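There are 2 protein chains.
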Amino acid sequence: MTSVRFVFLFLSISFSAFAQKDYKLWLQYDRITNPKIALEYKKNIQGIVSLGNSETDQVSVKELENGISSMLGNKPEIKSEIKGENNLIIGSQNSLNPDLQKDLKQDLDKINDEGFIIKTIHFRNKKQLIISGKNDVAVLYGIFNFLRLMQTNKSIENLNITDSPKTNIRILNHWDNLDRTVERGYAGFSLWNWQKLPDFIDQRYIDYARANASIGINGTVLTNVNANALILTSQYLEKVEALANVFRPYGIKVYLTARFSAPIEIGNLKTADPKDLEVINWWKNKAAEIYKRIPDFGGFLVKANSEGQPGPQNYGRDHVDGANMLADAVAPFGGIIMWRAFVYSEHDANDRAKQAYAEFQPYDGKFKENVIVQVKNGAIDFQPREPFHPLFGAMPKTPLMMEFQITQEYLGFSTHLVFLPKLFQEVLESDTYQKGKGSTVAKVIDGTLYQNKLTGIAGVANIGNDLNWTGHPFAQANWYGFGRLAWNPYLDSETIADEWLRCTFSNDENFIKPVAAMMIESREAVVNYMTPLGLHHIMDTGHHYGPGPWVSNLSRPEWNPTYYHKADKNGIGFDRSKSGTNATSQYAPEIEKLFDNAATCPEQDLLWFHHVSWDYKLKNGQTLWNGLALKYQEGVNQVKEMQNVWNQTEKYIDSERFNEVKILLEIQQKEAKWWRDACLLYFQQFSGKELPVGVEKPTQSLEYFKSLKFPFAPGNG
Amino acid sequence: MTSVRFVFLFLSISFSAFAQKDYKLWLQYDRITNPKIALEYKKNIQGIVSLGNSETDQVSVKELENGISSMLGNKPEIKSEIKGENNLIIGSQNSLNPDLQKDLKQDLDKINDEGFIIKTIHFRNKKQLIISGKNDVAVLYGIFNFLRLMQTNKSIENLNITDSPKTNIRILNHWDNLDRTVERGYAGFSLWNWQKLPDFIDQRYIDYARANASIGINGTVLTNVNANALILTSQYLEKVEALANVFRPYGIKVYLTARFSAPIEIGNLKTADPKDLEVINWWKNKAAEIYKRIPDFGGFLVKANSEGQPGPQNYGRDHVDGANMLADAVAPFGGIIMWRAFVYSEHDANDRAKQAYAEFQPYDGKFKENVIVQVKNGAIDFQPREPFHPLFGAMPKTPLMMEFQITQEYLGFSTHLVFLPKLFQEVLESDTYQKGKGSTVAKVIDGTLYQNKLTGIAGVANIGNDLNWTGHPFAQANWYGFGRLAWNPYLDSETIADEWLRCTFSNDENFIKPVAAMMIESREAVVNYMTPLGLHHIMDTGHHYGPGPWVSNLSRPEWNPTYYHKADKNGIGFDRSKSGTNATSQYAPEIEKLFDNAATCPEQDLLWFHHVSWDYKLKNGQTLWNGLALKYQEGVNQVKEMQNVWNQTEKYIDSERFNEVKILLEIQQKEAKWWRDACLLYFQQFSGKELPVGVEKPTQSLEYFKSLKFPFAPGNG
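So the sequences go chain by chain: C and R. The first sequence begins at 726 in our numbering and counts up one residue at a time. The second sequence begins at 726 in our numbering and counts up one residue at a time.
Possibly wrong hints are sitting among the right ones.
Heads up, the list lumps identical chains together, so a pair's fine if it works in one copy or across two of them.
Claimed, not checked - Subject to a maximum C-alpha distance of 27 Å in a straight line, what follows is the list of computed BS3-like cross-link-like pairs (lysine-lysine):
#	residue 1	residue 2
1	K746	K800
2	K1093	K1147
3	K787	K746
4	K995	K1434
5	K761	K1395
6	K1009	K746
7	K1434	K1091
8	K827	K995
9	K1431	K827
10	K1009	K1303
11	K1017	K1434
12	K851	K787
13	K1009	K1434
14	K800	K1376
15	K1291	K978
16	K1238	K804
FYI, nobody ran anything at the bench for these hints, they're computed from the structure. Quick caveat: nothing in here was measured; it's all calculated off a predicted structure.
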């Protein structure tokens, strides 16, 4: 063994075929490479003192220990009492000793039940850093916020942060079926392995809870709104209970979808009439059974009398009857009912966009106080762009909850990079004018406009069992951004993109700036290459993958793309103005006036509200036809630019995610062209006009595009 | 920043909430902790010299670089030529310079096309280590073998290894559907993301190829034997091509299942008659189309006229007609047809166990030379134990391929730890006596008994998109063990368990010895608590999860568990002796005689071949009833013992996998009791006898067990 020459190059090993960084989401806890910052952090975190010992406190300490060790390379010392200086002290209000409680009184008065404090204090003449709140989960939120400060390389030398969530219910809606298929799921299959539950607790359930808690999400609806009653049987409730036990320390409540006909299907009753005494009692007993297992069960989400789902109307009752009956069942236990306003009748094909308002607005003030009506952001269905839903602001005596779709049903599935917080922000900032100027959707949602006690934001989850959770690494940003906006609907998407990129990839400004700009741009890109100028619902049928503006043979008129674009020789667009369906009248007068007139209607919504001629002059002087074609081309160009930006990032990040996103952007580019070519060839049949200069010629025929079939496209409902 | 006291404990960080070690399978490449061994390795690997530059050579170098860096903590130097001593030289025969070729001639003569050499040589007076073979993939096999030596801490100081696979086709059968459900899959859903193919290449495809190549698997059938013809359309073949391109550097050929009626379904023909000229041409053209895309396409696996699948018998033709027609289509391109012998007629319920032999044996010698008949290990269907299939050894002029099931359809899904190489070994070692004593199944399969040129072993994959690939961490050992036995059907399962444990978990003897013993024991445990003494197919219907000996109402008699156990007042068991169905006559006379007489029949197969009374005396003097009951109890006890063993391992391995297996063993224990209690309560109705001393009393009634329903049990066919 003598004279061994080591000619190994000593390199730190960043190389691994099994990095799986994308499993870690925004909780990478990468080693801090800036020595000055690392030194500051080490100095300020000499030890961790946890004042409590609840399950939540335990996961808090574990998260801190894990995060700090990983970022600094050493395990922090866990101390049993406050000794020495520069400790990180964590504990809820009640666990603080009287002196500390007094010191923090003013701060504690500023926050709500879920708010937190992160503060540099001098306690008994020694500098300490304290994270506190009114309960253990609030402290956990503070801890995740603190870890984010470190992940984003912020100074922790002298902190004084208080923050509280602006809504009560910050919740994911999983459209997950019991066979683990996910309706509109593009990231594999359901995380919930019902077969192995209740006994087998997958580590992934814990990581799911960690990720959600880190952004303040406090609820999850485990099952599809197109519900299966079996979830309410004791066989499945035992499994739900096991998940609730995993999520509880992270402050996440479990909710289920209630199939309205469950009393018939699993209760052996002859009816599900909400006025029937047996039915009422069945639900009361069912609620009691659930709460016996899960004392903090959140409640039910209900899709009733919508798209074939059963509901109170099957018995001559209305949504109020149905919702209030269920509300009474869960009320004794503190549960709530989230009743969806996504309804459209098969008997009224006049204008689907009008129906939710028409049906629900008259119910204002009639729901029990533990009912919240869940309204999609727009009046159709999660399009790349929709004007805000007219119900927002129009039901002053009823709490309304936002329903966003995080999964990209109509936005290119999980192969298109689209940063949705930009879309969400646009909706939240929209001014309804329902209580005068400044009556934004955000103020409806956070309850400040009408002083609602119950408030909430729901997001239809984009999470599946793919290794990277969301199918596209950048779709993680949509989960993240949803959570951040649910906590604070006034956050801007630039801030969210910046935070997310730093936590997920790198703090290098040369990476952050162009990639953040790319993310912000991505939403307008998808609008441009799919549905510019207010076009909507022209996706291919059923799966909604790719363009299908030609589809016109479905049994219900409002399922057909032709119903929505109404292209003909005279022009294109859905006339929802007074000369048309008068859907504009559902908005406050100021907005109605704006939308009703093509000249004042925002051009981005033009074809949503107006049928205009192919020669209609746009604000830039172009004809509608030329402008439309150029918008499609612009979308394609924007994706090309996204590719250019991404191709410069190789040196800043791991090769696995770099390559993954690179390939996905190539697919997005290909599909953006597909959208452009298919739509322009189709609409050209009506406009009869040439493509303007600057628009690339299609390389395939319209017949080719029409021939494409995707029999196993995922997520089909 | 002055006077900063660092009170951090400096600990190497093994702690992480996101370790995901189980994703890495047996390719953990853990850091070598023994300093003496690490020093030896460093000394002997001063650099890597790759003599070739094919795609396979590139992945070889990457694997070596990755594995060695990870095990030794430094990246080895990649050299462009042989300079200095103690280099690791890798290259196929043709890439060696003439001197090296000469030095290795004798070794090269010893190996077959896929065999490899790992040898310490003195070349130009300098000590070097060389890995070679007749082609690049053979070298890759050598590299994985070399890395395994390091993973198992063997000395590499003075190596002289040659090894060749004993079979040609070492192949996984994925029963994966195009909607990504997996028939009999218990590890999530299909790896093949058809929606994102061909463009999106998931890193997981590469890791799948690495794992397979590391154990010598050289083929994969991507699709379910219950086939969908759409896989043969150009839309899907483009996706298949993309996968073939990923797998090719790793020596893995792609195969597909051919739905016999495809010419009708996707070819617009009126028939699929194998004698019809249009049909013959359709398949020829289809083969040409496939080979144009995938020049090394392996061929087709076919399930025909079995369980409702279409086949040549629909047109009055036979299996030979069907197989030979397809064989002609792929022959010009070097393709093969794997024709399954798993058939049983709906018109002959006399004894399902006899039917494959009865139908196929007369075809001996009639198949084209590129046809291989794929036979399940036993005559029924992948039971915890079956006597070897009577076809083995009975078709001297026909190559027969083994079909093992790695996925645990009848063995507790992915919550039961069952080490299957023990089962596989039992089958391979079985002596058919068809060419006198020593005519083992292994010799039939590797072609040495009848000098077959075409040889192979197929395993129905247990792989899905679960993070850990196989649902149960120990189910990885079944994938691993299958590959090792396909390479060498004479390996013993103790060796396989030892290797796998070292590569997957730890080299600590205190861990290895008890855990290896536990694995070996696990197979007999599952036989005992499910189907002792030759019982079979008494699983609950459809999903095959849990016990269902009472099921008797299915339309076809041989689908009912009661058909198989035939329990009545007089006794229990299926009389397949001369006094019964005479299935024993399908074996060679020596075996026939042994099996035909209850007194000489191995007791483990007693109820497979004989209906015996409840008072029948077993070899240990117990009555059949008492012996049966005690076997069920023994199975439960064995699982308890497995738990005891596992609970001692916590200090040797990561907490994530420790906990995962711990929970899974708890489930196995619970379900072993379920099996024992349900079966004994049911059979007790017939025996009318008390449970013997030593058997725990059931805690639930037979009615309770019969009431259990699993509507969404995964993998249902």
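These are the hints, each one checked on the structure:
no. : hint             : verdict
1   : K746 with K800   : both (21 Å within a copy, 21 Å between copies)
2   : K1093 with K1147 : neither (34 Å within a copy, 63 Å between copies)
3   : K787 with K746   : both (20 Å within a copy, 19 Å between copies)
4   : K995 with K1434  : between (42 Å within a copy, 23 Å between copies)
5   : K761 with K1395  : neither (45 Å within a copy, 55 Å between copies)
6   : K1009 with K746  : neither (46 Å within a copy, 46 Å between copies)
7   : K1434 with K1091 : neither (46 Å within a copy, 42 Å between copies)
8   : K827 with K995   : neither (61 Å within a copy, 87 Å between copies)
9   : K1431 with K827  : neither (71 Å within a copy, 63 Å between copies)
10  : K1009 with K1303 : neither (47 Å within a copy, 64 Å between copies)
11  : K1017 with K1434 : between (49 Å within a copy, 24 Å between copies)
12  : K851 with K787   : within (25 Å within a copy, 53 Å between copies)
13  : K1009 with K1434 : between (47 Å within a copy, 26 Å between copies)
14  : K800 with K1376  : between (29 Å within a copy, 19 Å between copies)
15  : K1291 with K978  : neither (44 Å within a copy, 51 Å between copies)
16  : K1238 with K804  : neither (40 Å within a copy, 39 Å between copies)
When held up to the earlier numbered hints, the structure conflicts with 2, 5, 6, 7, 8, 9, 10, 15 and 16 and fits the remainder.
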